[in-house]
Amino acid sequence: MTSGKKRLSYSYYPGCSLHASGREYDISTRALFKALNVGLKEVPDWFCCGATPAHNVDELLSLSLCAKNLSLAEEVEGDLAVACAACFSRLKTTQHHLREDDTKRKQVEIAIDGPAALGKPVKHILEILAREYGLAKLEENIKKPLLGLKVASYYGCLLTRPPGVPELDDCEDPSIMEDILRALGAEPVKWSHRMECCGANFTLSRPGVVLKLSNAILESARLAGADCIMVACPLCHGNLDIRQKEIKEMYGANSSLIGNIFGSDLQQSGDTERRDLPIFYITQLAALAMGVASESLGFESVIIDPKPLLKDKQLL
Amino acid sequence: MKNKLMHLSNETMNVGFVKKVEALSGSSVRRCFQCGKCSAGCPMSSFMEHPPNRVVRLLQLGQGQRVLAGRSIWYCASCETCTTRCPNKVDLAAIMDALRKLSWDADGPSKESYVQLANRLFIENIRTYGRQYELRLGAIFNMKSGQFLKDLMLGPKLLSKGKLKMFHSKNRNINDIEGIFKRIEEMRKKGEAL
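Chains A and B supply the protein sequences, listed in that same order.
Following this note's numbering, the numbering of the first sequence begins with 117 at its first residue and continues without gaps.
Following this note's numbering, the numbering of the second sequence begins with 259 at its first residue and continues without gaps.
Source of the hints: derived by calculation from the structure; they are not laboratory data.
Treat the numbers as computed from the prediction; the structure is a model and nothing was measured.
Among these hints, one or two may not hold up.
Unchecked claim - In the DSS-like style, the derived pairs of lysine-lysine whose C-alpha atoms are separated by at most 27 Å in a straight line are:
hint: 1; chain 1: A; residue 1: Lys-364; chain 2: B; residue 2: Lys-278
hint: 2; chain 1: A; residue 1: Lys-222; chain 2: B; residue 2: Lys-347
hint: 3; chain 1: B; residue 1: Lys-278; chain 2: A; residue 2: Lys-222
hint: 4; chain 1: A; residue 1: Lys-150; chain 2: B; residue 2: Lys-423
hint: 5; chain 1: B; residue 1: Lys-423; chain 2: A; residue 2: Lys-361
hint: 6; chain 1: B; residue 1: Lys-347; chain 2: A; residue 2: Lys-361
hint: 7; chain 1: B; residue 1: Lys-415; chain 2: A; residue 2: Lys-423
Unchecked claim - For each label pair, taking beta carbons as the anchor points, the in silico distance ranges come out as:
hint: 8; chain 1: A; residue 1: Pro-231; chain 2: B; residue 2: Gln-292; range: 51 to 57 Å
hint: 9; chain 1: B; residue 1: Ser-403; chain 2: A; residue 2: Lys-429; range: 55 to 61 Å
hint: 10; chain 1: A; residue 1: Gly-155; chain 2: B; residue 2: Gly-449; range: 30 to 36 Å
hint: 11; chain 1: A; residue 1: Arg-215; chain 2: B; residue 2: Phe-425; range: 35 to 41 Å
Ideal Cβ positions, reconstructed from N, Cα and C, are used throughout, including at glycine.
Isolated chain A (complex conformation) (with noise of 0.2 Å):
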């Protein structure tokens, strides 16, 4: 697909977590692409890609579920736009399982009784954003720079692990999201924690483990001096969005986790009061600077408000 003098259009898979938890990823994911005039159509009747409680105990149910998927999006045109990243990293690995294996491919064939359809490309909405429409173009069309803004850019697992197969960025040292964060006059922090697990989907099972983990994450970022973090995964959203207010009276104010995980630099930055970190999806950071109103954003679906920050920094 070429940018310039045809208009970038793509078929879209939202993925369950979007029309539920992630409202507002798809609300600001469809709002982003209408303004910067880019198409996006929803592939009708997709299903669940299985997300890793299918592929966890059942690979050739998880295979055939994006297999149906992929299949599915055939009908749509334009290249696969996945905003979530456990949809886009199953989709990437169902490709790359069944374009190298063919004895899976076959049995996936069986089970969603036709061809595998892998040719079209599955793109995150990141690569969309940086690489095709392009950072430069970003830059130009901006309308309210995210200036003074003092981003964590979160990438956590899936969006580039493992090797060779989201083929989205450098598996442990990526920069797409901070390059993206530039382009909207955003500055980005640098801190440890953006590609640690944030207990992903032990949140329905065993929550203890997300506190945990999603704890050392937060701590992290405030420790950098960042205001809020960006993530492009809804799950890791919820996590960090949805369970802070748990998180801050489990583990508080100096107590000795912190100690355990960050020695006494926490304490050296006087940083006690564990101030709210609100959790941003990219789509909403990369609206608000192309000028969308922040109405339209799903702002009102998060738990932890960002329009104090927002305001502060003269955003809204």
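Chain B: place on chain A using the hints.
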């Protein structure tokens, strides 16, 4: 910690199990030389009784049953850090998937039931609705795990924020999904798929 001696012999080593794991995961178990990078980078190793490198070592020694009996495999978050960092290209995340599948098929002797229950309900939702129905997932998980008060305050809050939907409509092509489940079951019955 008290260490029990492990007696290795033809009677105590199950080599066939390791071969199954290798076939399912498409990864070698034997290539591991125990550098420990997987466990060093694992965000979940503090929750496991056998950290990832020891899981592989136990497999190498034909001690698959010890691995399945523990909770380690169910506390893997599938973050792929181990696979990414392994210097010998052992795909540990895929090995964990394979181990969970073998435990799942054998109706698992594992101590960890909550994660298994969550997985089961998640997959049930796909089969019934085609998509996730998060409210049902949470409600039935609490009922079946006996944790009636878990996240009790969170539900109404998320409903009021529009993050949970009270009702859920079935996907129009729900029969296609049922077909996928059925054909996979048939293939397995006939021994055409693992």
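For each hint, the structure was consulted:
no.	hint	in the structure
1	A:Lys-364 to B:Lys-278	violated, 45 Å
2	A:Lys-222 to B:Lys-347	holds, 26 Å
3	B:Lys-278 to A:Lys-222	holds, 20 Å
4	A:Lys-150 to B:Lys-423	holds, 26 Å
5	B:Lys-423 to A:Lys-361	holds, 22 Å
6	B:Lys-347 to A:Lys-361	violated, 40 Å
7	B:Lys-415 to A:Lys-423	holds, 19 Å
8	A:Pro-231 to B:Gln-292: 51 to 57 Å	violated, 43 Å
9	B:Ser-403 to A:Lys-429: 55 to 61 Å	violated, 43 Å
10	A:Gly-155 to B:Gly-449: 30 to 36 Å	violated, 47 Å
11	A:Arg-215 to B:Phe-425: 35 to 41 Å	holds, 39 Å
Of the hints listed earlier, those the structure fails to meet are numbers 1, 6, 8, 9, 10, in rising order.
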